[in-house]
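These protein sequence lines are chains A and B, in that order. With the first letter of the first sequence counted as 1, position 53 gets the number 53 in the UniProt record's numbering; the numbers rise by one all the way through. With the first letter of the second sequence counted as 1, position 27 gets the number 27 in the UniProt record's numbering; the numbers rise by one all the way through.
Calculated from the structure, these hints are not laboratory results. Backbone N, C-alpha and C fix where the C-beta goes; we use that ideal spot for every residue, glycine too. Mixed in with the good hints there might be a few duds.
[What the hints assert, rightly or not] Distance windows between CB atoms, simulated:
#1 B/T2 x A/L122: 25 to 31 Å
#2 B/N71 x A/K174: 23 to 29 Å
#3 A/H53 x B/L9: 45 to 51 Å
#4 B/T5 x A/E219: 51 to 57 Å
#5 B/A55 x A/V169: 37 to 43 Å
#6 B/I4 x A/T24: 46 to 52 Å
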Amino acid sequence: MTTTESLAIRATLYEETVPGGGHTSFILKRGQVLRLTDVDGGANVSLMLLNAHQPSERLNLPDTLKGQHTAKLTAGHCLYSDMGRVLAAITADSCGWHDPFGGVLNADEVREKYGSGRYQELRNDFFRNGHDNLLVEMGKWNLDLQDLLMVVNLFSKVTVDEAGAFHFVPGHSKPGDHVELYAPMDTLVVLTALQHPMDPSPEYAPRPVHLTWGEAHSEGLSLACRSSRPENERAFHNTERFHL
Amino acid sequence: MTVITTSELRADEAVFRHVIPAGEPYLFEVKAGQTLRLLDLEGNQAVDTLFYSAANPRERYDAQRTMRRQNKVYLTTGTVLYSNLGNPLLTIVADTCGRHDTLGGACAQESNTVRYALGKRYMHSCRDNFLCACLRDGRMNKRDIAANINFFMNVPVTPVGGLTFEDGISAPGKYVELRAERDVIVLISNCPQLNNPCNGWNPTPAEVLVWN
Chain A
1 MTTTESLAIR ATLYEETVPG GGHTSFILKR GQVLRLTDVD GGANVSLMLL NAHQPSERLN
61 LPDTLKGQHT AKLTAGHCLY SDMGRVLAAI TADSCGWHDP FGGVLNADEV REKYGSGRYQ
121 ELRNDFFRNG HDNLLVEMGK WNLDLQDLLM VVNLFSKVTV DEAGAFHFVP GHSKPGDHVE
181 LYAPMDTLVV LTALQHPMDP SPEYAPRPVH LTWGEAHSEG LSLACRSSRP ENERAFHNTE
241 RFHL
Chain B
1 MTVITTSELR ADEAVFRHVI PAGEPYLFEV KAGQTLRLLD LEGNQAVDTL FYSAANPRER
61 YDAQRTMRRQ NKVYLTTGTV LYSNLGNPLL TIVADTCGRH DTLGGACAQE SNTVRYALGK
121 RYMHSCRDNF LCACLRDGRM NKRDIAANIN FFMNVPVTPV GGLTFEDGIS APGKYVELRA
181 ERDVIVLISN CPQLNNPCNG WNPTPAEVLV WN
């Protein structure tokens, strides 16, 4: 399922470009939509989602995958919390596949893969890593290592063969590819734009991602997600029960 | 291809044994260098397990790093279980089942309402077990409950990105053995799930054995 026009019916509240290597966090309010766009192609965004008001409730990828009988994420899917609610529904996706397996690298793993890239020599081009980037953003909300769970790697495709081995698909996301997340509850979004950990390229060259916030104006936007599976209907029910 | 590796360790030489009744949690510690066996007594019982560094319980099993570093979605002999700080916690050294799941997570009251029916909320669940054992112990809380391992469970991923739940490939007497690379806290929920046919709707006991 792919839609490219859905944002046109909504007012843009704010826009921002996160440079490759950058990290940010913000609250996507109930009823808002976040569009993430791969500016140059080949981007990867490692994404965490939490309940903005009680962040011990957070993205649970095992629940998300088994509840929807999927090992990839795309339009029509919901990102569930560990409390059976929907933190975000994927209402549009021109990419077709986002990866729930790869996780993020830490400083040692980045050094192993790309070599030393310190601030002392490279200034702000120094080699960042997803683990520290996400921890830094978590810390700004008084969260810590306890809260860093599995991430979704947006714009990246990793397949699994019959033996269970992973295969990273290069060149999956093209310039202008985008994904939209609709929040049916106030959701704390924490993200960083770094290469996918399984990207075999030995060059440290993270790509930028453009963020656009909008008001959905209509709950109809999430209807396709809500009705794509009975599980999603019940997860939306739980989310609405939470707001009574 | 499933590879079966057996162990030379004898049950009567174990320094510690405990049978976890069906549906109950169990929290205990294994010291660096000790070997832990999880024994599926009656077959196809999900043993939902989390590992923490005893020195710092904020350091815990990391499913994504473990899968990525072995480039494989299933766990078996040779798999190193990595922590969220990148350190090896344990290594699987024997496995007569051949495949274990770390994708499916643990059942919860809340996920049962989503997966099965809203009315399933009041059934017993693994995450209630985890939470109860964490809070009773006092060193961990809800925020420490991450994606776990489901020993003896079979959750295959298809090449087109599907996720399926297959009948268990375990059987009575199958086991997995892990060597602790550091002092670890082991947190088990011996799964009480009654909605999923993987255990024949019949949760059964599991045994833990530890050798020096």
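Given the hint of 25 to 31 Å, is the C-beta distance from B/T2 to A/L122 inside that range or not? With a Cβ separation near 47 Å, B/T2 and A/L122 fall outside 25 to 31 Å, so the hint is violated.
Please test the hint of 23 to 29 Å on the beta carbon pair from B/N71 and A/K174. 26 Å, holds
With respect to the beta-carbon atoms only, verify the hint that B/T5 and A/E219 lie 51 to 57 Å apart. For A/E219 against B/T5, whose Cβ atoms are near 53 Å apart, the range 51 to 57 Å holds.
CB-CB spacing for B/L9 and A/H53 relative to the 45 to 51 Å hint: At roughly 50 Å between Cβ atoms, B/L9 and A/H53 fall inside 45 to 51 Å, so the hint holds.
Between the beta carbons of B/A55 and A/V169, is the distance compatible with 37 to 43 Å? For A/V169 against B/A55, whose Cβ atoms are near 39 Å apart, the range 37 to 43 Å holds.
Is 46 to 52 Å right for how far apart the beta carbons of B/I4 and A/T24 are? For A/T24 against B/I4, whose Cβ atoms are near 48 Å apart, the range 46 to 52 Å holds.
Hint check: a violation occurs at hint 1 only; the rest are consistent with the structure.
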